[in-house]
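Novice: The residues making up each chain are set out below.
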Amino acid sequence: MDGHAYGYNLPISQKTKDVPWEEKVRIVEEVKSDFRYHEYIFGCLNCGVCTASCPSNRFFDYSPREIVQRFLEDDVEVLYDMMHEYIWACSQCFTCWIRCPFVNNPGGLVAIMREVAVRNAFDATKDLLKPYGRVLLKVMTTGNQLSADMLQPDFFPDWGPKMADNMENLRAKRMAIPFDVGKAVKTAWEVSLQTAIELYSIWRETGIFDMLEKIDPNLYNVIMDMVEENEERWEDMQEE
Amino acid sequence: MSLLRYDKTKFPIQNNHAHYDEIFERMEELEAKGEILIHRITEEHKPVEVYTRTGRIKTVPTNKLWHHKSCGQCGNIPGYPASIFWFMNKFGYDYLNEPHQTSCTAWNYHGSGTSNPVALAAVWLRNMHQAWKTGYYPLIHCGTSFGSYKETREQLIMNKELRDAVRPILKKLGRLGPNGELIIPQEVVHYSEWTHANRYKIKELYEKEGKPKGIDVSNVRVAIHNACHVWKMIADDYVYDPEIYGGQRPAASAAVIKELGATIADYYTWYDCCGFGFRHILTEREFTRSFAINRKLKVIYEDAKADLIVTHDTGCTTTFEKNQWIGKAHDMYYPVAVMSDIMFSALACGAHPYKIVQLYWNCSSYEPLLEKMGITNWKELRKEWEDTVKYINELDKAGKHDELQEFFKTYDLYEPYSRTSDGKPRASATADKVLFRS
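Note that the protein sequences, when read in sequence, are chains A and B. Residue 359, in this note's numbering, is where the first sequence stops; the numbers in between run on with no holes. Residue 441, in this note's numbering, is where the second sequence stops; the numbers in between run on with no holes.
Everything labelled a hint here was simulated from the structure, so no lab data went into it. If you're wondering where the values come from, they're calculated on a predicted model, not measured in any experiment.
Pairs of lysine-lysine residues, derived as DSSO-like cross-links and limited to a Cα-Cα distance of at most 30 Å, are as follows:
#: 1; chain 1: B; residue 1: LYS331; chain 2: A; residue 2: LYS281
#: 2; chain 1: B; residue 1: LYS216; chain 2: B; residue 2: LYS204
#: 3; chain 1: A; residue 1: LYS281; chain 2: B; residue 2: LYS301
#: 4; chain 1: B; residue 1: LYS403; chain 2: A; residue 2: LYS305
#: 5; chain 1: B; residue 1: LYS206; chain 2: B; residue 2: LYS261
#: 6; chain 1: B; residue 1: LYS216; chain 2: A; residue 2: LYS281
#: 7; chain 1: B; residue 1: LYS358; chain 2: A; residue 2: LYS305
#: 8; chain 1: B; residue 1: LYS175; chain 2: B; residue 2: LYS163
#: 9; chain 1: B; residue 1: LYS163; chain 2: A; residue 2: LYS151
#: 10; chain 1: B; residue 1: LYS136; chain 2: B; residue 2: LYS174
#: 11; chain 1: A; residue 1: LYS281; chain 2: B; residue 2: LYS393
#: 12; chain 1: B; residue 1: LYS375; chain 2: A; residue 2: LYS281
#: 13; chain 1: A; residue 1: LYS333; chain 2: B; residue 2: LYS174
#: 14; chain 1: B; residue 1: LYS308; chain 2: A; residue 2: LYS281
#: 15; chain 1: B; residue 1: LYS386; chain 2: B; residue 2: LYS403
#: 16; chain 1: B; residue 1: LYS93; chain 2: B; residue 2: LYS393
#: 17; chain 1: A; residue 1: LYS245; chain 2: A; residue 2: LYS143
#: 18; chain 1: B; residue 1: LYS261; chain 2: B; residue 2: LYS204
With the sequences and hints as input, model every part of the structure.
Specialist: Below you can see the structure in the form of structure tokens.
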């Protein structure tokens, strides 16, 4: 079953073709059972305003209209296939949301689909998120997504020669930033340990660490080593 | 409560599908039931009223603010928060910038999907509790934090299941109100709304301190880029103004530029995003740079002939600013300065381009803009900054940390000598805290 008579221009990949139908239904139902689903989809005129204004549509084979249409048609085959690579083209800008006459939120639907794809540790998602590991490590362990020391010129040669200048004497430059808690190099600002410990609790209680373990066990181990070390530091301090 | 200066102007839009007022009614109901505690904006916050897209009056606090910083801004555009704090000090506002804040983690969510609504809500409520506990009202620096927090608030107010899921987590953290309530602020406020509310004061400062230094922005052409997560997420809750684009586009940023007397250069892709894409800027960079160059930089440079793109968020500033040089490889080099509304305003009001606005971190060309603004001594100012960094580096490398501390006492405008509005010196937020020091 190709399941894409119009619109969805990609062939259903062999990998997803071979997945049992019941599994595909389970995954799509997981998306549709999210409490946000019915707040994000109301009906569709097929007007295409969302796709016409979608930045990702200009450079990828991606259409927010397709997302909405496939949900309304309950096209399990295509939706399941979309959840492997297609949805990752979305820029999450929500231009589709503000422009839709029905106030549909295709970007929001994509957010749910991505979350379900990560939770179910699809192989395509694992591969896709590999280059993102540095960011995950930073945000999971410090609560900051970005820090000055992450902007190494080797990672961003396309940002030009000034990147190398910026990184020279980085520590001194950061110290010269004239506001409270802004002088950090390895975090965006100086984050208190207590704050990080609370964040770890949130990650644990909401299943985010479990999610990470399934998607990248090696990264998970590194993160947990750092988390446990910080938790021990915090306990020692509390005892003192 | 202070009123708008233009409060007699009738707002032209009454959007029929706006449901946002209901959120506030529900908040009151939930508070009456003891489920939530609303962190209210009071007179001590020196509130200013502004319009939103639907004509709702939104109350923007200007004083006694808890700064919810942006990891992208602090990490990559340090002149962004520095300019905000510079204005706070100039206006004598009381504020708190402390280390007990985590970022919203929503950039990560929109980039990788590795979170969920319960985690996002718990992070938001934890930070809001911290602000409430200190007695300061939260001011959100980051556009994605602002958009995500607006959406999270709506989800929490409209979904009992989410409130029930997040409450035990907050309880475990000790982050509930005195009677087990979730702490929810009356308004979610972005710094660009604060800037908008202060635009007359910014203009006064420009007249008083910027112009006497020879600074003149009247011949500067500015293209405004509104950040997607600021105005497209929960679109009914952001500043619009009948005097700015007839109330048809977001007002913040454009209003302060207009007030300063610069020319707003319109362009036909004004509604487009920048190409940041959350994941894309890091791992799909061909997309980001292609979109930024083709849809925005080219149009802004060739059609609008702008000297400057003014933004009000982290990702857009980075995307436009870092993706210019590579255009040379394809004969698509469209040099235009990029900075946030507050950074440009600070420059106009006479702030140091390097020490405060930290333009040193920019990869794109900003020097022609400085010349055009009349900041013709920028080379001397840059030398001053470079000498400062060199001096700090030498002391640091030599392990002379006591001397460094002494130096910072006179160098830092803010720590540990920032003062509250009643004139008392504020102790350093970090002096006695265990931090991820680096």
